[in-house]
Amino acid sequence: MALLEKVDKNIEARAWQGEIPIQSRYTCGLAGEKFFREIMENGRFAGTHCAECEYTYVPPTIYCERCFAKLDEWVEVGPEGTVQSFTVLLVAPDGTPLEEPDILALIQLDGADSVLVHRLGKVGLDELAIGMRVKAVFKPKKEREGSILDIVHFVPVNA
Amino acid sequence: MGLRKVAVVGAGMTKFVRRAQETGKELAYEAAKMALDSCELTLDDVDGVALGTAPDAFDGVHMKGEYLSDGAGAWRKPFMRSYVGGGTGVFAPIQGWYHVASGLFDVCLVVCEEKMSSCQPHPQGAFLTIFDHTTERPLGPNLLWIFALEMNRYMQTYGLQKKDIALVSVKNKRNAADHPCALLGDPNITVEDVLKSEVLAWPVQRLDVSPVTDGAVALVLAAENVAKRITDKPVWIKGVGWSLDTAYWTNRDLYYPKYVEYAARMAYEMAGIREPRKEIHIVEPYDPFDYKELHHLEGLLLADKGEAPRLTAEGVTARTGNMPVCPSGGLLGVGNPIAAAGLMKVAEIFWQLRGEAGKRQVPGKPITGLAQAWGDLMQVGTVIILGIGG
Ligand SMILES: [Zn+2]
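Chains as they are written, first to last, in our numbering: chain A, 1 to 159; chain B, 1 to 390.
Next comes chain A alone, as it looks inside the complex (with noise of 0.2 Å):
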């Protein structure tokens, strides 16, 4: 095997840098567009429900992939909810520490079966746990612009 093991930079394999040239145009789907346009225009989030399986879908599906029927229930949930687990994050993905450690969390609506991935904010590393009661917090109204981004974060209930 004439692997080399000790290669520390890539010239010395006589590699090179390159790329793929694509970009991509995302829609966020016929869901996607009332559930952002509720959070937009109303700070509110909206889910769809499946009556069959009694599950509630936040972000909202138009179809329940459980029993593949059509969904077009829509039901209000939140914006308080559950922490289901969380992490503190110290490193960036390039490896370089983080000046504010960034807190990520699976927060389950009141309401709402499915779980949404956002940030956790104004919490004290300590005070963290599974199990916490938290609340949405949404940017002002005019700086919304239909994205998951229009939540600042969550944070605790009693903040």
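Simulated from the structure, these hints should not be mistaken for lab results. Here the structure is a predicted model, which means the values were calculated and not measured. Cβ atoms here follow ideal geometry from the backbone N, Cα and C, with glycine treated the same way. Heads up, some of the hints might be wrong.
[To be verified] Reference excerpt, derived from the structure (chain B facing chain A, CB under 7 Å, subset only): (1) P138; (2) W145; (3) L149; (4) R153; (5) Q156; (6) S197; (7) V199; (8) W202; (9) S243.
[To be verified] Under the rule of at most 35 Å between Cα atoms (straight-line distance), these lysine-lysine pairs were calculated in the DSBU-like manner: (10) B/K163 / A/K122; (11) A/K34 / B/K163; (12) A/K135 / B/K162.
Given chain A's structure and the hints, the job is docking chain B with the ligand onto it.
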């Protein structure tokens, strides 16, 4: 089911390294050639080729399957590429199995390759784009934090400490010290070393994680009548299973891998295994993170829920224990070239059952072993059971 018996008759693998000078094709060739040589076959004996390789972005070549095809021995042959993320390395031999079991081919070459070092500045860049573009990608997700969320959930559910889990990393990196192809074997590593390593995304620390790696592995599969002509030590594929949970990774309760249980039940049923804890002698569960080995042992029904850490602490899963787990050294020790890492686990079971694992050989002449991988958006389980005799 009217299926033919299928045996693994040969295996080969390259060293697992951080940055290979070889191209992906060359890596695939090294492993495939070694596998054919190991059972004295040539390309003329091969009826079809099943290739497993993970995202195109790793090698930086779209249509990566076709790019790798000549190195994988597919010139002018039926050639199929499968891809189920990290589960690919155990799915590719399942694909090879059904081509032979169905009667379509007598001999199928299975090749898995990954060259992650091509992906700059870091393969995490490719992982960013596996998430939903509307609801998740704006948050800048990476794999570390989704694993951290799952690990935290697992620890919380059973009241586990980091030190309970670090034992897995220590065991596997020590086992890998005896693997001639390993990237990260370390005979002297301790739990303290793991607990003192850099915190990346709590509770995940540097030594809880397997490294980015380049490498390739290949197996030769043959139908019963052909296998018996090729070798007097065929290793039979006794059962296969795979299952996919919801693609909304947030919507599963992350403490238990139900999809692994479904895949395992499918494989056990096919293999006629009723009591897996008695009938499976060695296990190679997927261990890209140390907690995943524990998680997967539970999903495979080889440990009660929440009990895999205790089995580890008691030495049951050591190479000399009652149920050796990752005697190869696993992904944590041998390395993690995604698809190739999964197939390495199947190759390890092959070598162990034939008594050809050298310094890694487990005692007690095992006759049945299981390899498992996991991937996609953390929700695919792939399982294969190999056995000798019968
Ligand atoms: Zn339904």
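Outcome of the hint check:
Proximity of B/P138 to chain A holds as hinted, the smallest CB-CB distance being about 5 Å (cut-off 7 Å). The beta carbon of B/W145 comes within 5 Å of a beta carbon in chain A, closer than 7 Å, and the hint placing it at the interface holds. Hint on B/L149 holds. Least Cβ distance to chain A is approximately 4 Å, under the 7 Å limit. Hint status for B/R153: holds, given a least beta-carbon distance of 4 Å to chain A, under 7 Å.
The interface hint given for B/Q156 is met, as the beta carbon of that residue sits about 5 Å from the closest beta carbon of chain A, less than 7 Å. Violation of the interface hint for B/S197 is found here, the shortest Cβ-Cβ separation to chain A being roughly 12 Å, above the 7 Å cut-off. Annotation: B/V199 was flagged as interfacial toward chain A, and the flag holds, the nearest CB pair being 5 Å apart, inside 7 Å. For B/W202, the shortest C-beta to C-beta distance to chain A is roughly 4 Å, which falls under 7 Å, so the interface hint holds.
The interface hint given for B/S243 is broken, as the beta carbon of that residue sits about 14 Å from the closest beta carbon of chain A, more than 7 Å. A C-alpha spacing of about 30 Å is found between B/K163 and A/K122, which places the hinted pair at or below 35 Å, so the restraint holds. Straight-line distance between C-alpha atoms of A/K34 and B/K163 comes to about 46 Å, which puts the hinted pair past the 35 Å bound. Taken as a hint, the A/K135 and B/K162 pair is honoured in the structure, with Cα atoms around 30 Å apart against an allowance of 35 Å.
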